[in-house]
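A.B. asks: Residues per chain, in single letters:
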Amino acid sequence: MKRKTKITAWPSLLALIIIGLSACNHNLNVQPQGSLIQANIQNLSGVNGLLIGAYAILDGENVPVAGDAYGSAGSNWQYGSVCADDSYKGSVPSDQPDLSTLESWGLSQGGTTTYLDEKWTILYLGIQRANDVLRVMRQSTGISPTDTAELSGEARFLRGYYHMDGRRVFHFFPYVDENVSFVNNNLDVPNSADIWPQITADLLYAVNNLPEVQPEAGRVNKWAAMAFLGKDYLCQRKFDSAKFYLDQVILHGVTASGQKYALTTNFESNFNAPQKNGPESVFACQNSVNDGSSSANDGGNGNMGDVLNFPYGSGPVGCCGFNNPSWNLANAYKTDANGLPLLDGTSNNGPVVSDSTNLYTGTLDPRIDWTMSRPGIPYLDWGLGSASWIRDPNSNGIFDAKKNVYAKSQQGTSSSTETVFWGATQITSLNTNLMRFADVLLMDAECEVEVGSLDQAQIYVNMVRNRAANTSGWVYKNSTYNPASGTYTTGGTAAPADNYLVKAYPTGAFTGGGQTYARNAVHFERRLELAMEGHRFFDLQRWDNGTGSMANTLNTYVQVEKTRHSFYYVVNTAVFTKGVNEYFAIPQQEIDAENANGKIVLKQNPGYN
Amino acid sequence: MPKKTNGLARISSMVVAMMLFTCMAFAQGKVTGRVINKADNQPVPGATIQLKGSKTIVPSGADGTFSINLTGSSGTLAISAVGFLNLEVPVTAGSVAGDITLTAASTTLNDVVVTGYTAQRKKDITGSVSVVNVADMRSVPSGSTESLLQGQASGVSVVNTGQPGGYSNVHIRGITSFGNTDPLVIIDGTPGFLHDINVNDIQSVQVLKDAGAASIYGVRGSNGVIIVTTKRGRSGKVTVNYDAYIGTQRPLKKGWRGLANPTLYGQALWQTYLNDGLVPSNKQYGSGATPVVPDYLIPTGAMAGAPGTDPATYALYTNQITQADKAGNDWYHDIFKPATVWSQNISASGGSDRSVYFYSFNYTDQPGTLIYTNLKRYSARINSTFSFLDNHVRIGENAFLLYKSNPGYLNLPGVNSANAIGVSYQIPTIVPIHDIRGNYAGGLGGGLGNAPNPVAIQERQRNNHNEDYNISGNVFAEVDFLKHLTARTQVGGMVDNFYSNAFLYTAYENAENNTNANSYQEIYGWNTSLTWTSTLKYTNTFAEKHNLTLLGGTEYISNQGRANQSSRGNYYITDSASLTVNPNLWTLNAGNASTQTNQNPNILLNNVSTPTPYQSNIYSLFGRLDYNYDDKYLISGTIRRDGSSVFISGQRYGIFPSVSGAWRISREKFLQNVEWLNDLKIRGGWGKMGSISNISPTNSYSLYGQVANQSTYDIAGTSNSATAGIANLQYGNPGTTWERDQLTNIGLDATFLHNKFDVSVEWYNKLISGLINRVTAPGTAGTATATAAGPLLPFINAGDITNHGIDLAVTYHGAALGNQLKFDLTGTFTSYVNMVKSLPPGETYIPVYNGATLESELKPGHPVGSFYGYQVVGLFQSYSDVAKSPTQDGAAPGRFKYADVNHDGKITSDDRTFFGNPNPKFTAGLNIAVNYKDFDFFMLLYTSVGNKVLNAVKGSTDFPQAFGNAMSTRVATQSAKIISATGSPTNINDSTAHLANPGASVPMLEQSANFSNSTAFNSYTMESGSFLRCRTLTLGYTFSSPVLTNLHFDRIRLYAQVLNLFTITKYDGQDPEVLGNNTLFGIDGGAYPNNQKQYTVGINVSLH
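Just so you know, the sequences run in chain order Z and C.
Using this note's numbering, the letters of the first sequence map in sequence onto residues 1 to 609.
Using this note's numbering, the letters of the second sequence map in sequence onto residues 1 to 1104.
Hints are computed from structural coordinates only; laboratory data are not their basis.
Hints may be right or wrong, so weigh each one.
Said to hold, decoys possible - With a Cα cut of at most 27 Å, we get these calculated DSSO-like pairs of lysine-lysine:
#1 C/Lys906 - Z/Lys603
#2 Z/Lys578 - Z/Lys238
#3 C/Lys537 - C/Lys632
#4 C/Lys906 - Z/Lys599
#5 C/Lys483 - C/Lys537
#6 Z/Lys477 - Z/Lys503
#7 Z/Lys562 - C/Lys977
#8 C/Lys859 - Z/Lys603
#9 C/Lys906 - C/Lys884
#10 Z/Lys578 - C/Lys906
#11 C/Lys122 - C/Lys669
#12 Z/Lys599 - C/Lys859
#13 C/Lys632 - C/Lys483
#14 C/Lys537 - C/Lys122
#15 C/Lys822 - C/Lys38
#16 C/Lys376 - C/Lys1093
#17 C/Lys254 - C/Lys337
#18 C/Lys30 - C/Lys52
#19 C/Lys1093 - C/Lys404
#20 C/Lys376 - C/Lys404
#21 C/Lys837 - Z/Lys599
What the hints assert, rightly or not - Sample of chain Z residues facing chain C (criterion: CB under 8 Å; computed from the structure):
#22 Gly106
#23 Leu125
#24 Glu216
#25 Arg219
#26 Thr419
#27 Gly423
Claimed, not checked - Covered stretches of chain Z (in silico footprint by chain C; criterion: 3 or more residues with CB under 8 Å from a CB of chain C, positions within the stretch not fixed):
#28 28-35
#29 41-50
#30 94-100
#31 174-188
#32 280-288
#33 305-317
#34 592-604
Beta carbons are placed, not taken as given, at the ideal position from N, Cα and C, and that holds for glycine.
Let's have the full structure, built from the sequences with the hints guiding it.
C.D. replies: Pasting the structure below:
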């Protein structure tokens, strides 16, 4: 019996084992599934794909984790509007406490907020994706010199754009070119130098290498790059250079689709998805919905960073009640008997717009009702605005955001139906305007004021005001809203929703008023035209230039807001510190990360602890 | 054995010998007999019968009989069998020894326990192995088998949840990794999962804790190894067991006791404004001098008879008429209801001398007390072994079939996924469950925060599915040849198919996101694993005293899985009154095609989030040597070489050796005559193990990819289509290799006082080096560590942590009243001290976020999981107190005063400190088993001492400014009150403001949220998490009567049981036992409590 066992059973078992041994060792080479390695993308379509990926960060979002984009929205609503005098954070103070900290300009916790680190890292994600285009292109084959120049131009524009945003938020924001990478282990980049020269170089390269017309509406073209180059010089207060480029953009510029730059007939067209990429759109984040990109944590290619900024409860869309326009902003839309803004600083005095206890009954710039929701004023086709849409009446005031909200009849087409994301209804295909022609005109007007050509500045300002004065573009009551055109039906029982009066400055007003008057008028116009579009904080920052004007403006604002139901009513100790709060803190996490070797590489901005 | 017996035996054997003397010549020295079990008179198969002083050994057959040849005319038979006391019987050649009765061993030293790829007598083990008492382990009815290890094995820390089917946190000897620290589970030789195994099928459980025991599992051994062997049946008659119980689990009476009722809430709410110097007002409570509790929440703040309260005007959204619950809704008990649990188990086993089999079927239905949570599990096991060719060849299989349905309570995406328990303490008590039409009520009316209705959350997912179909097991063949060699090959595996779906209704009653379209999602996927193990074993004894075992083997393991997640929305509403959709419509096809999304989701694989698809393979060679001299000096060595596909070829292979030795001092001559000492062994071991459980299988590659939500962009401006782009998704690190442990273990095992005491005590030191951890990089990499936005950073080997501690197990077997009263006490004690030793070069700490809040840091010198933030030293008493204290943002009377840790006179982020450790100082279990006549009593006590818990519930209920949530009565009545210099109520803007109640520890009620109250993570909510729990108390009665035996009943036992009879703790929340992950734990945000009482009755029946 034993012998039999030996012969039949165990040798065959042994044979099996030996066969197995040789087979198994090969299986340790397992290639990753569903991914590419760099060798796969070293060609034109690969590099073009990387470039699309670099554009995809314009919305400030790349979210594997829920909530990530609130601090990094491409619209800059949190920094540009909430931290200035355009709006309050909204909701209760303890909701998104990071933004409460930033909104009250605290000095000790700013650096530890996740908001600032989100902004920081998303900008570098965009920068590194642009760098990936340049890095992979160098190792690619079969890309023509023309394509190389064009792809490099777009990539360097995006790199410059992201750096410029970082420069404005953080001031000492390290410049990261394509030689800085994880692989090169040189990510501890210092922030000692001002990075405007490198930003300028990127934008200039883009201007020199990009075509005037692009095959796709969302691509940056020569003129958009030039507009940002003008903005770059303006931020550096190099008004001659800025004017040089902005003038050309105004005179010759066309959109990426080849349409001559112009103001749209109606103001609202800039905030209406069906009318996007019109003649006024210089550069925008192209938001899209229902393209299969939503996931449980994010709304895909829509405006993820602005997902909270909708009226609350039973209000339009019904979300979270964030980014409520301030009393101060509403009052700024008061006009005098000539249809001109109250440039003397009195707009915030006396009766208050839409305040039932102290109601302002005078004339208003009609742009107010495209910029914010007010009780009793038609809100697109959603019915009349209501104070009940306010989440926390004590700290939110009575106004709601509007420029980022779609019409009720557009729900499902301009808003996401990809219900895998919890806030699908708040994900929209409205573009985030990163530069529109009105912005270009007003920037050039700033230059003209500073170089002394006040009449030319007035021409630009009046172009913007005349568009606002176009009655076809006003909000009407007892009327029907047409979302295709962004207008209300006029005639019949329709009547302007409020007592609107807006007029161009009379000929010679700027020259007659002098440079200070003109400067004030241009700055004021910029606020009215571009309110709630994430610009205000950075405009105040640019105009401050060490004078303390920003601190004055905002501390004055807080003093009055404290007495009204507003964020500062509840957080009434907020003070804007001159010389500190013009920029935000460098994220503490980044300081810790870059300085972990004991050498101080990344420094905190002055005044923050 | 008493001398008397020996004498008697000697005399009797002499008598027998003399009587049979004449027959000796033809009897050929043969002795036959039968070995039976004293307890039930059943035969004991497989007992070893050895003629003392010779090499002659025979086993008993399936019927217990044996036949052995003596060398002389008489001799002594040494009879041993697993689980029985050794017995020596003098016999005479040619005699019939008759029935030899073995008594169940009260010592476990001779138990054969299964360890790494082999089996050893417990007394021969040189490594650290805890043998679990399976009967005790079974005493707690539970749907999660790993939870039953709590308090049953020294060195094993288990934290459980009350969630049906919920996973436990199991740590063997502390926290051994920043990633997954689940121990390796080997079931019948194949890697498997303990979670769903039928506990009634388990024959034995061993926990391998040190390198000497676990190093043979190489790279998978780092977290410890749990070896499970399932029942195999015995030769002999068929035995059928039937076990069933039914019980009722009762919600905690306490609930959120202490939430303020609407009247008290309104008053306190008014105080929040007054303290801040603001004019009180609220959408519901009005704006008068005093708050008015409204009759209606919709219309907002309306009183009876107000416009819009006429039921005829009811309409969803525009006028969803909802009456206020003026007395206050007890949300806790709206969602926690008594639940009836039951289970039935039937098994049959038996066999012949050529084959044995075990078959079982189990059905368990364990609904949770949280409504619509449930675990239903059907499982079957078929184990069989066939032997042939004179028992030299054995083949067999183990198969386990499982179907379970376990709808979770957290499986919905988005806001509506809010944990119902978590929101039940947030939603104000004034909100009723339903509006006047029976639709759900919520925060829509305004001024009610934004917590969703917890009853709605649970009821809306009652039809959701979460199902799992799983087959696991192995087939094996084993051959004995060339006398000393045994070859074995085994192919094991698992095929797992899972499906879940979820429907999200439009939550019209919510304060926010109340118009979202409904949506539906389905997840399908599969997991497979294959393990092929082959071993060759050589066993021999030289010169009687040199016992040698050599084992060599190969193993190949392959794991793969893939899953799909799809969703659609805008389903046709079948009930427009409540915006619901009939579950019959819940298919993807019925949804709007334009809303479709698809992806390969992350799945939970044994509770570890795993991206799909995945694939990883391991190929290993291993060897083992066990040598003992005269059972006195024992030495053992193991070595394993693992190759893993998760590393590139140059880094792929790792070698993991161990050596261990033991000295059984009690076998030395100088201790032979120590009466009270039965056995004493000291042992020690050192070895290395590894871990890759934390690493992504693609770690070495830099990867690019097209991902819809990361790299696509609508470059053409179409508004509804996006151009695919490419993004760098991962930075690879080809240099990454194994995480290594070095484990040193010193232990002492003793049995004394006539085998009444068993003691095992061990000290260990575990150094985990080259921890596999995701590298952190500055944001300039374009990636965020906290939120994982941007390319994934690779795992690298960096950082060390240590654990050292003491494990202690003590057993006492006692008897009284002439052996009528027997009792067994088993105590286990587990302690570990965990410490981060070092981090990757250039890193001073690794932040650990809870959501967006930094709550812990991994930092050298501090235990993993330590809470990190501002230490509250008290409340500011007055502005003069503020003035003389370190500068602090938002400092004011009635707010928190933080410790100035660095004494620089100002409170900054540098003053954050490690203020609490959630690791227990020790945990211990005590099993008390008492038998008196036919009664049995069992009690299991478990304690955890010295761990801190963050009662995060207070973070909501004690800070009413947080979202307008419900408020605790404590904060409404005992918070700091500020008064002016003249003693009258005042507000924070009054420079003379000071506390009227200086002893208050609850901060002042406020509207504002600032650094000095609720926005900074601080120590306010920390409490002691120590507790002592009576986990189970059981009283049973066994019917024994010849009548029953004649009716084929071997045994009938009835029992009654109470689970969680008491929990002694100072903890103020529901239950201090809270789950966490490996770097953040001990945080109670409203956990599913594990201390609910359950009353159970059950029956055990054995038939033949």
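A.B. asks: With reference to the structure, classify each hint as holding or not holding.
C.D. replies: How the hints compare with the structure:
Taken as a hint, the C/Lys906 and Z/Lys603 pair is honoured in the structure, with Cα atoms around 20 Å apart against an allowance of 27 Å. Taking the CA atoms of Z/Lys578 and Z/Lys238, the gap is about 23 Å. The hint holds against a cut of 27 Å. As the CA atoms of C/Lys537 and C/Lys632 are separated by approximately 23 Å, the hinted pair is consistent with the 27 Å bound. Taking the CA atoms of C/Lys906 and Z/Lys599, the gap is about 24 Å. The hint holds against a cut of 27 Å.
Among the hinted pairs, C/Lys483 with C/Lys537 is consistent with the structure: their alpha-carbon atoms are about 11 Å apart, no more than 27 Å. Restraint check for Z/Lys477 and Z/Lys503: satisfied, since their Cα atoms lie roughly 21 Å apart, inside the 27 Å limit. Distance hint between Z/Lys562 and C/Lys977 is fulfilled; the C-alpha atoms sit about 24 Å from each other, no more than 27 Å. At most 27 Å may separate the alpha-carbon atoms for a hinted pair to count; C/Lys859 and Z/Lys603 meet this at roughly 23 Å.
A threshold of 27 Å between alpha carbons decides the hint, and for C/Lys906 with C/Lys884 the separation of about 11 Å falls inside it, so the pair holds. Only pairs whose Cα atoms come within 27 Å are accepted, and Z/Lys578 paired with C/Lys906 is accepted, the gap being roughly 21 Å. Restraint check for C/Lys122 and C/Lys669: the C-alpha separation of about 22 Å stays at or below 27 Å, so the hint holds. Between Z/Lys599 and C/Lys859 the alpha-carbon distance is near 19 Å, which keeps this suggested pair within the 27 Å criterion.
Restraint check for C/Lys632 and C/Lys483: satisfied, since their Cα atoms lie roughly 25 Å apart, inside the 27 Å limit. With a C-alpha separation of about 19 Å, the suggested pair C/Lys537 and C/Lys122 falls inside the 27 Å cut-off, and the hint holds. Taken as a hint, the C/Lys822 and C/Lys38 pair is honoured in the structure, with Cα atoms around 16 Å apart against an allowance of 27 Å. A hinted pair counts as satisfied when its Cα atoms are at most 27 Å apart, and C/Lys376 with C/Lys1093 qualifies at roughly 20 Å.
About 13 Å separates the Cα atoms of C/Lys254 and C/Lys337, which keeps this hinted pair within 27 Å; it holds. Among the hinted pairs, C/Lys30 with C/Lys52 is consistent with the structure: their alpha-carbon atoms are about 15 Å apart, no more than 27 Å. Pair hint C/Lys1093 plus C/Lys404 holds up; C-alpha atoms about 25 Å apart against a cutoff of 27 Å. Restraint check for C/Lys376 and C/Lys404: the C-alpha separation of about 6 Å stays at or below 27 Å, so the hint holds.
For a cut-off of 27 Å, the pair hint linking C/Lys837 to Z/Lys599 stands: about 22 Å separates their Cα positions. For Z/Gly106, the interface hint holds, since its Cβ comes within 8 Å of a Cβ in chain C; the closest pair sits about 6 Å apart. Below 8 Å, beta-carbon pairs count as interface contacts, and Z/Leu125 has one with chain C at about 4 Å; its hint therefore holds. Annotation: interface hint on Z/Glu216 holds; nearest CB of chain C at approximately 4 Å, less than 8 Å.
Proximity of Z/Arg219 to chain C holds as hinted, the smallest CB-CB distance being about 6 Å (cut-off 8 Å). Below 8 Å, beta-carbon pairs count as interface contacts, and Z/Thr419 has one with chain C at about 3 Å; its hint therefore holds. Because the beta carbon of Z/Gly423 sits about 6 Å from the nearest beta carbon in chain C, less than 8 Å, this interface hint is met. Coverage of the stretch 28-35 of chain Z by chain C holds in this model, with 7 residues showing a Cβ closer than 8 Å to a Cβ of that chain against a need of three.
With a cut-off of 8 Å between beta carbons, the stretch 41-50 of chain Z has 4 residues touching chain C; three or more are needed, and the interface restraint holds. Look at the stretch 94-100 of chain Z against chain C: 5 of its residues bring a Cβ nearer than 8 Å to a Cβ of that chain, three or more, so the hint holds. With 8 residues carrying a beta carbon less than 8 Å from a beta carbon of chain C, the stretch 174-188 of chain Z meets the three-residue requirement, and the given coverage holds. Counting residues of the stretch 280-288 of chain Z whose beta carbon lies closer than 8 Å to any beta carbon of chain C gives 3, which meets the minimum of three for the stated coverage.
For the stretch 305-317 of chain Z, the stated coverage by chain C is satisfied: 4 residues place a CB nearer than 8 Å to a CB of that chain, which reaches the threshold of 3. Coverage of a stretch by a chain is defined here by at least three residues with a beta carbon nearer than 8 Å to that chain's beta carbons; for the stretch 592-604 of chain Z and chain C the count is 6, and the condition holds.
Of the numbered hints listed earlier, not one is contradicted by the structure.
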